[in-house]
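Fit chain E with the ligand to the supplied structure of chain X, relying on the hints for placement.
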Amino acid sequence: MQSLVNSSITPLLNTPGPFNEFPGEFSPLEAVKALKETRVLMIGAGGLGCEILKNLVFTGFRKIDIIDMDTIDVSNLNRQFLFRESDIGKSKAEAAAAFLRRRIKDESLEITSHFCAIQEKDQSFYRQFSVVICGLDNVEARRWINALLVGMVDSALNNLIPMVDGGTEGFRGQSRVIIPTVTSCFECSLDMLSPKLTYPVCTIANTPRLPEHCIEWASQLEWPRRFGDRKFDADIPEDVDLMHSIALARAKEFGIANVTRSLTLGVVKNIIPAIASTNAIIAASCCNEVFKLVTSCNPVLDNYMMYSGDESIFTYTYAHAKKANCPVCGTEVRAISALRWWTLRNLIDVLKTKQEFLLKLPSVAKADIPLYIALPEHLRLLTENNLNMKLIDLVSPGEEVVVTDANLPISMRLLVSKYDGPDVEPQDISSLLKS
Amino acid sequence: MDSEIHKAARYDRQVRLWQRGGQARLEHSHVCVINGNTTSAEILKNLVLPGIGEFTIVDLKTVSDADLSGNFFLTETDVGSSIAEAICANLCELNADVRGNAVREDLLKLLNDSGFWRRFDVVVVTERIRKEQLERLEGILWPHNIPLMRVWTCGFSGAVRISRFETAVVDTHDPSPTFDLRLDCPWPELAAYADSFDLDELDDAEHAHVPYIVIYLKALEHWRKTNGSLLALPLSYPEKTDFRRNYVESMARNMGLETNFIEASQSIHRALQKTNVPASVAELFQRPETSDSSLRETKAPFWLLIRALKEFVSSSGGFLPLPGVLPDMVSTTSSYVLLQQIYRKKALEDKLTFLSIMLELHESLGFESDFDAETIANVCKNSALIHLSNGSQLNNHNNLLSRLSKSLEQSSDHNLLLVSYFGIVALDSLAEQESHDFSHFVQTFCDITRVPLQNLTEPIKNVLNELYIHNTSRYLNVCSYMGGIVGQEILKIVTAQYIPLDNLYVFDGIKSMSEKWKAL
Ligand SMILES: [Zn+2]
Numbered sequence: 001m002q003s004l005v006n007s008s009i010t011p012l013l014n015t016p017g018p019f020n021e022f023p024g025e026f027s028p029l030e031a032v033k034a035l036k037e038t039r040v041l042m043i044g045a046g047g048l049g050c051e052i053l054k055n056l057v058f059t060g061f062r063k064i065d066i067i068d069m070d071t072i073d074v075s076n077l078n079r080q081f082l083f084r085e086s087d088i089g090k091s092k093a094e095a096a097a098a099f100l101r102r103r104i105k106d107e108s109l110e111i112t113s114h115f116c117a118i119q120e121k122d123q124s125f126y127r128q129f130s131v132v133i134c135g136l137d138n139v140e141a142r143r144w145i146n147a148l149l150v151g152m153v154d155s156a157l158n159n160l161i162p163m164v165d166g167g168t169e170g171f172r173g174q175s176r177v178i179i180p181t182v183t184s185c186f187e188c189s190l191d192m193l194s195p196k197l198t199y200p201v202c203t204i205a206n207t208p209r210l211p212e213h214c215i216e217w218a219s220q221l222e223w224p225r226r227f228g229d230r231k232f233d234a235d236i237p238e239d240v241d242l243m244h245s246i247a248l249a250r251a252k253e254f255g256i257a258n259v260t261r262s263l264t265l266g267v268v269k270n271i272i273p274a275i276a277s278t279n280a281i282i283a284a285s286c287c288n289e290v291f292k293l294v295t296s297c298n299p300v301l302d303n304y305m306m307y308s309g310d311e312s313i314f315t316y317t318y319a320h321a322k323k324a325n326c327p328v329c330g331t332e333v334r335a336i337s338a339l340r341w342w343t344l345r346n347l348i349d350v351l352k353t354k355q356e357f358l359l360k361l362p363s364v365a366k367a368d369i370p371l372y373i374a375l376p377e378h379l380r381l382l383t384e385n386n387l388n389m390k391l392i393d394l395v396s397p398g399e400e401v402v403v404t405d406a407n408l409p410i411s412m413r414l415l416v417s418k419y420d421g422p423d424v425e426p427q428d429i430s431s432l433l434k435s
Numbered sequence: 001m002d003s004e005i006h007k008a009a010r011y012d013r014q015v016r017l018w019q020r021g022g023q024a025r026l027e028h029s030h031v032c033v034i035n036g037n038t039t040s041a042e043i044l045k046n047l048v049l050p051g052i053g054e055f056t057i058v059d060l061k062t063v064s065d066a067d068l069s070g071n072f073f074l075t076e077t078d079v080g081s082s083i084a085e086a087i088c089a090n091l092c093e094l095n096a097d098v099r100g101n102a103v104r105e106d107l108l109k110l111l112n113d114s115g116f117w118r119r120f121d122v123v124v125v126t127e128r129i130r131k132e133q134l135e136r137l138e139g140i141l142w143p144h145n146i147p148l149m150r151v152w153t154c155g156f157s158g159a160v161r162i163s164r165f166e167t168a169v170v171d172t173h174d175p176s177p178t179f180d181l182r183l184d185c186p187w188p189e190l191a192a193y194a195d196s197f198d199l200d201e202l203d204d205a206e207h208a209h210v211p212y213i214v215i216y217l218k219a220l221e222h223w224r225k226t227n228g229s230l231l232a233l234p235l236s237y238p239e240k241t242d243f244r245r246n247y248v249e250s251m252a253r254n255m256g257l258e259t260n261f262i263e264a265s266q267s268i269h270r271a272l273q274k275t276n277v278p279a280s281v282a283e284l285f286q287r288p289e290t291s292d293s294s295l296r297e298t299k300a301p302f303w304l305l306i307r308a309l310k311e312f313v314s315s316s317g318g319f320l321p322l323p324g325v326l327p328d329m330v331s332t333t334s335s336y337v338l339l340q341q342i343y344r345k346k347a348l349e350d351k352l353t354f355l356s357i358m359l360e361l362h363e364s365l366g367f368e369s370d371f372d373a374e375t376i377a378n379v380c381k382n383s384a385l386i387h388l389s390n391g392s393q394l395n396n397h398n399n400l401l402s403r404l405s406k407s408l409e410q411s412s413d414h415n416l417l418l419v420s421y422f423g424i425v426a427l428d429s430l431a432e433q434e435s436h437d438f439s440h441f442v443q444t445f446c447d448i449t450r451v452p453l454q455n456l457t458e459p460i461k462n463v464l465n466e467l468y469i470h471n472t473s474r475y476l477n478v479c480s481y482m483g484g485i486v487g488q489e490i491l492k493i494v495t496a497q498y499i500p501l502d503n504l505y506v507f508d509g510i511k512s513m514s515e516k517w518k519a520l
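Top line first, the protein sequences correspond to chains X and E. Following the UniProt record's numbering, the numbering of the first sequence begins with 1 at its first residue and continues without gaps. Following the UniProt record's numbering, the numbering of the second sequence begins with 1 at its first residue and continues without gaps.
Here chain E stands alone, though its shape is the one from the complex:
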């Protein structure tokens, strides 16, 4: 079989999610995992199967008998050999398209070479490394905006923390799409299309196939005349109810039979929205990164797009580029196709305007115009959903500490999951000590969380006790669960279409519950 066809068949089920663009980005990604163990093998399995470009395991150790227990990706024959090489070889068997590397070098030495780390798209730490080494690593990755993930597995619990300077998602998938229909501000071609329908002249069948966009435009014109305001929209609940009953449904000849009117009556909340620039996007326009001086310095592609978008909005009278996507609606084929052409034509015009703004901007800044057509198309299609979040470094969690100290008495599931997180961190910090006992552990927890020992409630002590009694990082079900979570987040980061975790996630396998926070 031809290798491209073969690849398409092999990856068919996932490409339906992130399309060929996302798959191409995945195939050009390189992920590094520090330490070879069950969790790292499970994470990498979830990346090798969908065809990540390359992965690297950094570990000096050799495989011991104990390493075999619970690890699908190590066998008896691997005992004594390099753990990085053994896991790498066993993973590569899953997919010949993927390149795996094993690096048997001392971490301390590698940390002296920042160039080594800059080649990666994500770096994951799956087991304790020394505090100063972790900080050193974070110091290398942060300025280059390379995500660093720290994963813990502890008994029945697990956690992951992501440290990244900022996360931008342009080609965002919206799980529950709303459509930008511009019903409150139709452009001339759309208004003319609606005017071309004279409802009274239509026979019953034609009347029952008038697209609801036309029904809304007509109803809205009528509503605006009656209410004496030419730009307003029915927005409050009573206004919407009045609009639905007395303007939309009243135009129907038979509300029990005309499916287009039934559809119009049911779609008001989704379809009839005020067209504006979402606050999350408007905020980006105000950022200093969009200034000429900053752009000259950074040449950041993301901020160039935002700056161009900002100029588009000011030149278009306050509108983002039209995505041009039309939901299905009851209609004859010809009416629908015509309507679709009107939306697509406007979207194309907006895209060309945006493109010329981008070209002018690059010229005025003295840059080469090296952006591609796909990027421009994606921005124009998704501009309302552009996502940017600023991350925080691993040591920051003061907001969580104050939340915890304020709510010690409430033993809600939410708070106890936070207790689990700090318990896992406390247990982890004990790992370098030769011996410890439960009271030692509890004291460490109190030191980290700044909670006085006498304030610990019974439910909190139980959570700590559970972590301490069943302290193992090798329980496959938790390793595999966290491997799935981390794998999923890496896929989201490298395909750059889904909004990843920001920045802490904790799983409790006893209650089978989980929670996420943004630690600051």
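Chain X on its own, in the form it takes in the complex:
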């Protein structure tokens, strides 16, 4: 029973404290057993993932699966401490698992790695776990796992797998506990994410003012024009140099300063600043929630903690409310008001760009009649002519459509409540400008 002797956590589990919600049912032995036997899934073995894995293993967790599709890059080493220079190029999930197996000489430790995208696994895989922890830096993967976990719960609350989610950006971060269908879900708070910085195409094409405009011109317009199908690869230094020189030439032509290689890389890769300490704070908070959840020693965060450290230290903890019209966990229909001149394509663009939707490959159907199907290809070809039709001719005011996405397991009821504005699209003044 060597692993039972974990003197750093036994004082927390020996006696239920005054805040324990079910002190009568609490058993120290059961709590330790739960730590040893609960199967935990760690999604992401990056900056947050390394911290979270360390904390799990050193607070008694013994059955951990790690899933990550990424390989190790030199810029990871300023915070991802389970990796060394000799690991560059290897799978993060495999390298992290190997490190922990070497580090912990305990036969009861079962660490399994999965070097693949989370979307490659199905429900039967996820059903094996009692908790899912996310330490991801991308929104798409979190939306996908969130929608999957919410969708797995039945009306009797079977297959309920709590999801603990952490996220960081520079000196800021957040941790949250999502109990699928019970608390608000990731999708409920989509509109709280800071929107990705984008620049209007007409600015990039005609009136660049910032160094970023020149870089976007190089990557969005000039690279495809010059190199056709040859995709830009940010991991190839020569490609980055080339992109930088194209942007620099553009900047010179317009008298714009400060197009650096570092800025070029930041813009084309959409790099988010990251430091070890913020990851440590958010990861520890997530693991503390998982520890309380699995041992039942104390109540779990309800349900959102924001952290900000760029001016003194600030946290804000609150219960984020469920959205009745959340496309994942809500039941109510979502309403949108359209403009008279819109084609179906305009609606699709709104679904792709508006912060509350941000869908990648939306399809739209009306009571079983497909209006536009993004995938598979043959259905897209059959429906793509509809894109140029006026929306008002396809969907009457007050009529409902169902929106789905090839990348997300969701189905959203969308009500086109009314049509406003002129029948013909007003001409954009910017397009008149000759540069």
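Please note that the accuracy of each hint is not assured.
Unchecked claim - Quick list of in silico lysine to aspartate or glutamate cross-link-like pairs, EDC-like style, CA-CA up to 16 Å: (1) Lys105/X - Glu76/E; (2) Lys196/X - Glu399/X; (3) Lys105/X - Asp65/E.
To be verified - For each label pair, taking beta carbons as the anchor points, the in silico distance ranges come out as: (4) Asn399/E - Arg101/X: 48 to 56 Å; (5) Asp241/X - Ala191/E: 38 to 46 Å; (6) Pro301/E - Asp229/X: 55 to 63 Å; (7) Gln341/E - Ser194/X: 26 to 34 Å; (8) Tyr316/X - Arg270/E: 19 to 27 Å; (9) Leu108/E - Arg101/X: 40 to 48 Å.
No lab work stands behind these hints: they were computed from the structure. Each residue gets a CB set at the ideal place from its N, CA and C atoms; glycine is no exception.
Leaving out everything else, chain E with the ligand in the frame of chain X:
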């Protein structure tokens, strides 16, 4: 790979926050941690990874089996060896650029050598050391303005207190920048630029690309004429609304289409500000540290900058140096680039004026002019955000005690976090006693807080009970949380670009809440 290129790649994600200047300061910093344990290892990990110059662990103890539990940076093979050396070696594996030192000396002896301590940029105490030793340490560090941090981890809770004479931040990062545009007092070149636009003469496309700075300058001139005051600004809400509707939007040809006018209409609160010296900076000008006699004595670089800034403001008619940073706005490239040149030219002129004031000041005081160009540039860019706060010593907390005694009946989360802090301090002070029980602990809490025992409410007793029942300093999740917080504050202190905690922070891992106070 070339080592400089390699370093740039390795630190890319953090240098985007504190730039190369901050990274250079980090790489020249030396942090000392007294006591080797999980929390100190976690703090140092967050400094070794981003590449701090040097760290030192002071501890006499050897590694026991119990030390291994919950500590990622100790292994079975370390049992029996020096804990300072073992943690140091395991941390150094994370980053070859960092130098780690283990000092196995008696703290009491080290405290006799104040020179030993003055080499550090920050000193952290992660476990109880004797009260008189802590006071001795603080006495050494305080006059040299070296921050001393005391960190506690207790069950599901943690706290940190910073003791430092004063904290100055010159190169401040503003998380939500406002722009100094001088729209209410345009200098001649800016006014002439605005006058060069005759809106009626422009075609529709040109009209929709007039930068909003020009729109404001024209609207403001019109507004001032109508209102009969040549220097006023629309400041009240009704004035701003009137200004937006009847002066800005009324100049548009089509408010639905002209994005520059839409932008102008939406940016009034941010862009149209009264240009002045912020009160926080004006206060610094009044400080005795800026006098000739004081400067001759201290030669303090910070106060020399403030004195020069003060002279700049009086010679410029009440203005700080112009930062010269222009936000993006709808415009043609040529108009924007020209406007940017006007702002940059003025900023450069201000910088040169400031530089000559600095040189004169140094000459008149008989000092060498050993300041660098980067410092001058940073001051001129950030003068409105210069931050100075005076700290307080670890024993001071009377303001918190009176807050606590006044609000005993309110069991708000805020007050209960304060109870946690004094509970942690009380428990810590019991550590030197051989045995104690809960009532003993509660009595100690009452002694420290001067709260009569019979006044303790049920929620307060629960907080104390929780601390007592789950009293361990080794719960990794709390050690790692506090290690992150302390690491973050040290990074802020040594890069000198972000405003650090002043001076007490408490975390409660049961409610997952935290709060900060300034204890005085
Ligand atoms: Zn939801």
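- Message: Flag every earlier hint the structure violates by its number, smallest first.
- Response: 2
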